[in-house]
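Peer 1: The residues making up each chain are set out below.
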Amino acid sequence: MKAIVLMKQTPDTAQLSASMDGLKLMAEGGPRIVNPWDEYAIETGLALAEDHGGEAVLLTMGKPESTEAIKTGLAMGCKGATLLTDDAFENSDSLATARILTAAIRQQGDYDIILAGKSAIDGDTAQTAVQVAALLGIPYLGYVAKIEAVDFDAKTITVVRAIDSGRETVTSSLPAVVSVLKEIGEPRYPSFMGIRKAAKAKIPEMGLADLGLSADEVGAAGSNVQWTQVTLPPAQETQLELIEGEPEEAAKILVQKLLAEKVI
Amino acid sequence: MDFSLTEEHKMLQKAARDFAAERVRPLIRAYDPLHKFPRELLPEMAEMGLLGVCLPEKYGGAGFDYISLGIVSEAMEWADASVRETIAVHTALNSLGIFQWGTETQKQKYLVPQAKGEKIACFGLTEPGAGSDVAALSTRAKKVGDTYLLTGEKMWITLADIADHFLIFAKTDPEKRHRGISAFIVERDFPGIQTGTIEGKMGVWTSNTGWVRMDNCEVPAENMLGEPGEGFKIAMSCLDNARYTVAAGATGIMRACLEASVAYAHQRETFGKPIAQHQLVQQLIANISQRLDIGTLLWQRVGWMKNMGIRNTRETSLAKMYCTEAAFASASDAVQVHGAYGYSSEYDVERHLRNSKAAVIYEGTTQIHQLLQAQYALGFKVDKPLRRELPPYTE
Chain A
357 MKAIVLMKQT PDTAQLSASM DGLKLMAEGG PRIVNPWDEY AIETGLALAE DHGGEAVLLT
417 MGKPESTEAI KTGLAMGCKG ATLLTDDAFE NSDSLATARI LTAAIRQQGD YDIILAGKSA
477 IDGDTAQTAV QVAALLGIPY LGYVAKIEAV DFDAKTITVV RAIDSGRETV TSSLPAVVSV
537 LKEIGEPRYP SFMGIRKAAK AKIPEMGLAD LGLSADEVGA AGSNVQWTQV TLPPAQETQL
597 ELIEGEPEEA AKILVQKLLA EKVI
Chain B
302 MDFSLTEEHK MLQKAARDFA AERVRPLIRA YDPLHKFPRE LLPEMAEMGL LGVCLPEKYG
362 GAGFDYISLG IVSEAMEWAD ASVRETIAVH TALNSLGIFQ WGTETQKQKY LVPQAKGEKI
422 ACFGLTEPGA GSDVAALSTR AKKVGDTYLL TGEKMWITLA DIADHFLIFA KTDPEKRHRG
482 ISAFIVERDF PGIQTGTIEG KMGVWTSNTG WVRMDNCEVP AENMLGEPGE GFKIAMSCLD
542 NARYTVAAGA TGIMRACLEA SVAYAHQRET FGKPIAQHQL VQQLIANISQ RLDIGTLLWQ
602 RVGWMKNMGI RNTRETSLAK MYCTEAAFAS ASDAVQVHGA YGYSSEYDVE RHLRNSKAAV
662 IYEGTTQIHQ LLQAQYALGF KVDKPLRREL PPYTE
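So the protein sequences, as listed, match chains A and B.
Following our numbering, the numbering of the first sequence begins with 357 at its first residue and continues without gaps.
Following our numbering, the numbering of the second sequence begins with 302 at its first residue and continues without gaps.
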């Protein structure tokens with residue numbers, strides 16, 4: 357079994373200061389981490405490899421400093437990684453990014469499943485994985501909360517998807533692109549042995565020419581969507597009210613207040 | 302001279318600090334009021350490689366250097382002293398002792414499962430009547446055939462009720478005072494050993510502290526660590542390793558106190574402005590910050606010396622003395638910054654203050670270390686090479 361995990365390095369939104377300009381923040385702001393949703397995809401890949409034999413490998417498009425996030429994925433247990441990096445890739449929208457990832461996936465040889473987080477915490481478009489599936493012409497299973505069953509020999513997978521009105525169980529052929537939710541399983545901590553190996557690892561890089569793409573398919577030239585402005589949500593005025601008294605009484609007062617505010 | 306951490310160190314630091322923040326601290330906050338040992342952390346620490354961080358891969362360790370032992374000690378004590386104590390006792394006092402002094406057979410039998418965290422180990426030197434005065438210990442080991450019979454009581458033993466393996470110091474030749482002490486690897490299953498928990502400690506409530514009683518406990522002669530009469534030197538070299546983790550750990554308390562004080566000083570307002578704007582509060586924060594940097598430099602120097610295979614008894618003693626006193630003072634300053642809230646268990650600084658008092662007492666009181674420093678300075682004490690030195694770090 358081979359799982360390809362699409363992983364992105366993103367700003368650590370927990371560390372960002374509210375005073376930063378949004379666009380600048382997305383490009384260069386603050387400490388950078390593995391996109392937290394992608395950690396669940398890595399965990400899924402590693403768990404599948406443990407249960408069925410095989411390996412999970414990482415595929416990342418980004419700046420050269422993305423190696424830091426890649427090494428975290430390697431330390432968690434991924435067996436290999438490729439960084440797709442080129443000045444021409446700058447300002448790619450999700451479709452251009454999907455073209456780059458798809459070109460790289462086609463060079464990866466046989467694979468059984470492609471995994472991704474449900475979205476990235478910076479762009480938050482949740483489009484890239486769908487577009488990769490479309491470009492590859494394989495099924496896309498989005499917002500997966502649980503893998504019910506998987507048979508890599510028969511090339512089928514049954515998953516539980518979260519949908520607006522509840523849950524649905526879907527069976528699909530493999531290979532497929534699967535984007536996962538938090539419920540899929542808590543990501544493991546990197547092992548110390550894994551850290552030692554990852555710290556020394558040289559991450560292979562591929563650029564425009566290696567992928568056989570032309571400059572007008574990627575970057576701003578290959579993108580339909582441009583980000584003109586990114587702003588932080590306006591700060592909300594909040595008021596704190598402490599309800600004193602015994603828990604039973606306090607709960608009654610709380611319920612009355614919530615009803616009055618039409619919250620419940 | 303290069304003060305920077307390597308990429309490997311930084312990744313390790315991040316992983317250990319993430320684990321401390323996400324996993325350890327929430328558990329400690331819940332367990333501290335219950336005086337409960339967080340036993341469920343042990344398999345998780347083992348799986349990560351925390352319990353054998355600085356032991357070579359060939360002995361089941363994660364293969365990091367000695368600076369890394371300091372890094373994880375600092376990260377764990379930021380959450381709570383008790384988790385760092387587990388590393389101090391299991392990894393430094395016991396496992397590094399076997400790594401330094403053990404035969405290959407002893408290493409395969411005891412060190413490998415300990416480095417992997419499959420077995421937990423502790424250290425039995427202190428007795429009800431012998432703490433700093435090690436030569437006064439009264440546990441006896443009598444040789445009968447191929448077996449030593451150990452009789453005596455050990456006190457204030459961290460992990461006493463948890464450990465599978467004990468490193469016990471006993472007199473094989475009482476006439477010779479400290480030169481008559483030998484070291485033994487004792488298994489919990491050996492006949493004649495009993496353990497119990499000590500209640501009523503001022504702090505470190507989530508640590509297991511207890512007593513070990515031996516009544517003609519049967520220990521195979523092959524379980525003697527080092528040679529007969531070498532126990533005192535072994536104990537002192539084990540303490541060099543553990544004191545290093547105590548020093549590094551103490552800077553974790555200081556970092557926790559600094560972070561908490563800075564956050565609180567920005568948030569709490571008096572006289573119409575955040576208390577961070579008041580100069581006397583700034584002074585408290587400057588004190589903690591200064592001690593944190595000095596302490597970090599002191600333990601990292603020791604880590605480097607250990608990597609290089611340079612004897613570091615004096616430097617370790619200095620780091621332990623300074624860092625633990627500095628952590629106690631910093632925790633006290635942090636409580637002061639927090640005012641009445643700092644005096645309440647609602648804030649971590651209250652726990653850090655109680656915990657930090659223990660470390661100025663154990664592993665050599667501040668007064669013992671002051672005497673040592675004076676003896677080195679006056680030329681009364683000069684370290685002689687040991688028969689077996691702690692192996693320097695090799696990749």
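Do not rely on the hints blindly, as some may be mistaken.
Beyond 10 Å from chain B on every Cβ pair, some chain A residues (computed) [to be verified]: (1) 406; (2) 428; (3) 477; (4) 482; (5) 549; (6) 551; (7) 558; (8) 571; (9) 582; (10) 597; (11) 619.
Within a straight-line C-alpha distance of at most 30 Å, the following computed DSSO-like cross-link-like pairs (lysine-lysine) qualify [claimed, not checked]: (12) B:359 <-> A:556; (13) B:443 <-> A:558; (14) A:435 <-> B:658; (15) B:443 <-> A:435; (16) A:556 <-> B:315; (17) B:311 <-> A:435; (18) A:553 <-> B:337; (19) B:682 <-> B:658; (20) B:315 <-> A:435; (21) B:443 <-> B:534; (22) A:558 <-> B:417; (23) B:658 <-> A:558; (24) B:443 <-> A:553; (25) B:337 <-> B:534; (26) A:538 <-> B:315; (27) B:534 <-> A:553; (28) B:658 <-> A:419; (29) A:553 <-> B:410; (30) B:417 <-> A:556; (31) B:658 <-> A:553; (32) B:359 <-> A:558; (33) B:311 <-> A:419; (34) B:502 <-> A:538; (35) A:556 <-> B:682.
Since the hints were derived computationally from the structure, they do not count as laboratory data.
Ideal Cβ placement from N, Cα and C applies to all residues, glycine included.
Peer 1: Which hint numbers doesn't this structure obey?
Peer 2: 2, 5, 6, 13, 14, 15, 18, 23, 24, 25, 27, 28, 31, 34, 35
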